[in-house]
Structure formats: structure tokens, C-alpha cells
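**Q** One letter stands for each residue in the lines below.
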Amino acid sequence: MNQLSKQKKIQFWALTLLFFILPVVFLLLKSTVLNFGFGRNEDIEFSFIGWETLFSESQLIHATLVSLGIGALVVFLNLSIGLLAGKALAFYSFKGKSVIESLFLLPLIVPLLAIAMGIHVAMIRIGLSDTWIGVVLIHLVPTIPYSIKMLQSGYASIGTGMLQQAQVLGTNRWHRFFSVELPLLMPSIRSTVFLIFVISLSQYVITAIIGGGNVVTLAMIYFPFLDSAGSTVLAAFSTWFALLPILFYLSMELLLSLLPYQNPWRTRL
Amino acid sequence: MKLSETNKAWVLLTPALLFLSLPAYGLFSAIWTSLHENGSFTTKHYRVLFQQEAFWESVGYSVRITLIATVLSLLLGLLLTRAFTSIIQSTKGKLSIWLPMLFPHFVWGYIVLLLFEQSGLISHSLVEMGLISSTSSFPIMTNDQNGIGIILTYVGKETPFVVLMLLPIYAKQQTGYKDLVQTLGGGKWAAFKDAEWPWVFPVLLEAGIILFAFILSAYEVPFLLGATFPEMISVLTYDWFYSGDWNERPLAFASMIITSILIGIVSFIAFSAMNRKRMLLTKGQD
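Sequence order for the protein chains is R and C. Position 115 (the first sequence) corresponds to 115 in my numbering; numbering is contiguous. Position 253 (the second sequence) corresponds to 253 in my numbering; numbering is contiguous.
For the record, the hints were derived by calculation from the structure and aren't laboratory data. Treat the numbers as computed from the prediction; the structure is a model and nothing was measured. Some hints here could point you the wrong way.
[Stated by the list, open to error] Here are some chain R residues pointing at chain C (derived, C-beta under 10 Å):
#: 1; residue: 91
#: 2; residue: 203
#: 3; residue: 221
#: 4; residue: 222
#: 5; residue: 224
[As the list claims (entries may be wrong)] Just some of the chain R residues that point at chain C, by a computed CB distance under 10 Å:
#: 6; residue: 93
#: 7; residue: 103
#: 8; residue: 162
#: 9; residue: 180
#: 10; residue: 218
[Claimed, not checked] Okay, the calculated bits of chain C under chain R, using three or more residues with CB under 8 Å as the criterion:
#: 11; region: 142 to 149
#: 12; region: 218 to 224
Cβ atoms here follow ideal geometry from the backbone N, Cα and C, with glycine treated the same way.
Let's have the full structure, built from the sequences with the hints guiding it.
**A** In C-alpha cells:
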């Protein structure tokens, strides 16, 4: 039995190494290695020139800030809408619930391109096209369904017991939310924040249509870079895309640690 | 009491329902635009669209690539989750298998490009090892006519997604039903078919529909890794939408509506298959 599980472990790591980890490691190497010495007898040369070139682009810092701002707002709206809807779907049974649940899946099934093209004219009419608000709104379409789903299962896994207990003890709604629901939901909220931020960062075509080239997110400058920049700079840029969600996540954690019950030093005492 | 409880659910759902008006408006506006010219109803755009050779080529090409990428992702995701449930549940396992989810699709596409293009890592390594004489004898796998690069990108990105969807099922799986099958003299196949598949199938189907719809209509990856001809439907649509020729814009709307209808038909077939299965499942529980 032990032998078998050890063999399985080796199989698992061989597979993930080959298909998921090594490609990423190669990307990291590519951003710092100028040549791999193929065909020539030169030595492998390390350099940060790719990263330097990337950050010397004045657009990059600006686009990073725009992406962070849009991502943060998209995440906030997702949590607000997702927590409410997730609670309703997890705890209440009502007529038409299964219809509502499949309706929330629809934005993932209807082509995003069709939705963005359709909304575009309306956005022009009400003055939201070419603005970051318009871009935030269109980024909600591919994200909200995931938030609702993840937070619904989060609520379902904590169950009603704890909440009823708090209610019996005479807490009000806000108190209950901040001291019972939020701490218990933390794992689901963490994964939601992460996933939603990555999805928002990945949107090129709908940002281009609604933002009209005026809202310059990171994705908007990545595509022109593909034609003009060298592979070292592009590899650095690609890595930057993965670093941002991690940075965003860490700063979220830092913010959350300010909440009294999340303080790791206190709970460890 | 009962009524107020129900009302509370609807109050909680209000912001989410308001949000739904956004994609709903977008879709209906796209349908309306595809059926009108200068304010009056017409089916002209569809007739013009159906006469375009490029459109039909594109539909066939897109559906083929989408089906291959979806089925491969589902299969690999299922096999990985089944075989390694306990390892994936550990933090290390989670981090490693969900690593691709950290990257946008187009960045994963760029990684595929770096690895598989003719001047890429694999090709160079094979030359170094003496397995092929020069990089030009490495098969063309990116920006190719068969969409291999697109498929590789999607399989790499979506397999972890399928694992994410399936993991809760396998983590919660009780051995009781399997033991029952074994006690009744059933083999491994019977245990899979009767004690595993009924729970896995609905989730697999849902993931499959999401993937099919996404891959069929996403723009970024085929733009990066596709060939000039045939193009995937999203790339063709985007070209029409932004072409200088104002007459081509309605074609973009019409082609996206046809794509939506295609996705709708596939989802309908899939969901009715699932409902039949669900019905049998609940019947069995009575």
C-alpha cells in the first residue's frame, strides 16, 4: 500500500513537472537568459536586460496601475454581488431556484464577444464607452457567475447552524456578517479574489471594444508587444502577468490581517 | 413566515439579477442589430453571411478545434483527479496543478509558442540531441492549419480547471457505494459506472459546456496561435467588426448569433442528457 502511494506520488510529480511546472520555469529562465547556447559554443548568459527594458517602458507602470485599479473594483463588486446571491442560493429554497441557477450560468455560455459588441452601442449612448467604468462593467460578465458559484458552495459548507446560533444569541445582521460569516467564508473568499483578479487581467478583446483604446490595461499593451518586442522582454512581461495576482493577493492578506479576528498573532496565543 | 423567508432570498438576489441585465441586454442588442438595416427588419445579413465561403470554413474549423480541446481537457482532468485525489488535496499538489490558472490564456499561449514553434525550445533541444538535423525539420505546430498550437494551449489551461471542478466530488466521495457494488459481485467497471459516474457526469457536463462555449468564441488564443487561413470564428468576427467596410459590421453580429445558437444547441442536448440521468438518480433514491 505504501509502495503504491509512493509510486503514485512520483507519477503525479512527473506529470505536473512536465506539463505545468517546467513550462513556467522555462518562461522565468527565458526572461533572464540571453541565449541558451544552442548551436554555438557560447556560454549561457544571465542578464536582467529584459526586465529593465520592460520597466523602462513608460506605458507599463501606468497600465499596471490601471489593471490593478480595474481588477480591485471588479473583485469588490464580485464579492458584494456574489456573497448576497451565494447566501440566497445556499440557504433558501424557493420557486424557480433551479431556473435562477441556470440563468447565472448563462453569461459563461453566451459568447463574450457577442455581448461586448451588443453593449458597445448602448455604452456609447450613455457615455460609458472609452471609460474605465465601462470596462469594469464588461469585466463583470465573465466573472460574476464564478463568484456566485464559489461563494454559494462556501455558504453551503458552513451550514446554517452557526448563523442560527449567533442569531439566538441576539446579534444584529452586521455583527453576524463580520464576526461569523466572513471569518468562516475566508477560504472561499480568498480563492474568489484570486480567480476573479486573474480573469479580469486576462480580458483583451472586450477591453479593446468597450475601452476603445482609451483604457490601456496590461493586456492592451501585451498584444502590440508581441510584434515589436524581443522574446526576453516578452518573457519578462508574461511573468509580470503572474506576479501581479500574487502581489494583489498578498496586499489583500495584509489588509485582512488588520481585521481583529484575522490577526495571526492573536489567534496563535 | 414562509413567505417572508422567500422574499428575503429575492432581496439577496436582486443585485445579481440586476447584473444579469447586462449580458441579457448585450445579447438582445446583438440579435436586434443582426436583424436590422437602417431601422427596418431584414434577414439580409444572414443571407450574405451564409454565402461567405470563409464563414463556413471557419465554423467547421472552430468546432473541430473546440471539440478536440474540450474532450481532451475533460478526459485528462478526470484521469488526473481520479488517480491523484489525495495528493491534489495537499497544498503542494494544489499549487502545482493550478499553476497554469495564474496566467492569462494569451500568456499560456505565448509559453506554447516558446516551446513548440520551429525555433522554439523543443525543436532546438532535438537538434542538440541529434534527433533531427535542423530546426526546419521540426513539424510546424504553432500558427498551423490544424490548430495544434491552439489545442495545446487550451488543454494546458483547461485541464486544471476541470480538476478544480471535479475535486470536490472526489474529495467527498464515499466508499460505501463502491463497497456495495463489490459486495454484490460487481467488478471495477461496475463500481465506476454505478457508484462514481452518476456523481461525476453532471459536473463533467457542466465543465464541458463552459469550455465548449468559451473555446469556440474566445479571441485571444487563436489570434496568437492561429493560421491566416482558416481563421477561428472569433477572429473572423473581430475582423468584420473592425474592418473599414461599414457593410461588414452586421456580419460580425450575425456570425456571433450563429455561434450562440450553436452553443445553445450543444448545451440543450447536454442538459437534457443530464436531466434524464438526474431523474433516474432521484428515482433510485425513493
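**Q** Each of the hints needs a verdict: does it hold here or not?
**A** For each hint, the structure was consulted:
1. Look at residue 91 of chain R: its Cβ gets to within about 8 Å of chain C, closer than 10 Å, so that hint holds up.
2. Taken as an interface hint, residue 203 of chain R checks out: its beta carbon lies about 8 Å from the nearest beta carbon of chain C, inside 10 Å.
3. Residue-level restraint check for residue 221 of chain R is violated (minimum Cβ-Cβ distance to chain C is 12 Å; threshold 10 Å).
4. The closest approach between the C-beta of residue 222 of chain R and any C-beta of chain C is roughly 7 Å, which is under the 10 Å cut-off, so the hint is satisfied.
5. This hint is violated: residue 224 of chain R has a C-beta 12 Å from the nearest C-beta of chain C, more than the 10 Å allowed.
6. Interface restraint check: residue 93 of chain R against chain C, minimum CB-CB distance 8 Å, threshold 10 Å, status holds.
7. Satisfaction of the interface hint for residue 103 of chain R is found here, the shortest Cβ-Cβ separation to chain C being roughly 6 Å, below the 10 Å cut-off.
8. Taken as an interface hint, residue 162 of chain R does not check out: its beta carbon lies about 18 Å from the nearest beta carbon of chain C, beyond 10 Å.
9. Given hint, residue 180 of chain R at the interface with chain C, is violated; its Cβ is 16 Å from that chain's nearest Cβ, farther than 10 Å.
10. Of the supplied interface hints, the one on residue 218 of chain R holds, with its beta-carbon coming within about 9 Å of a beta-carbon of chain C, less than 10 Å.
11. With a threshold of 8 Å between beta carbons, the proposed coverage of the region 142 to 149 of chain C by chain R is violated, since 0 of its residues qualify and at least three are required.
12. Three residues within the 8 Å Cβ limit are the bar, and the region 218 to 224 of chain C against chain R gives 5, so the coverage statement holds.
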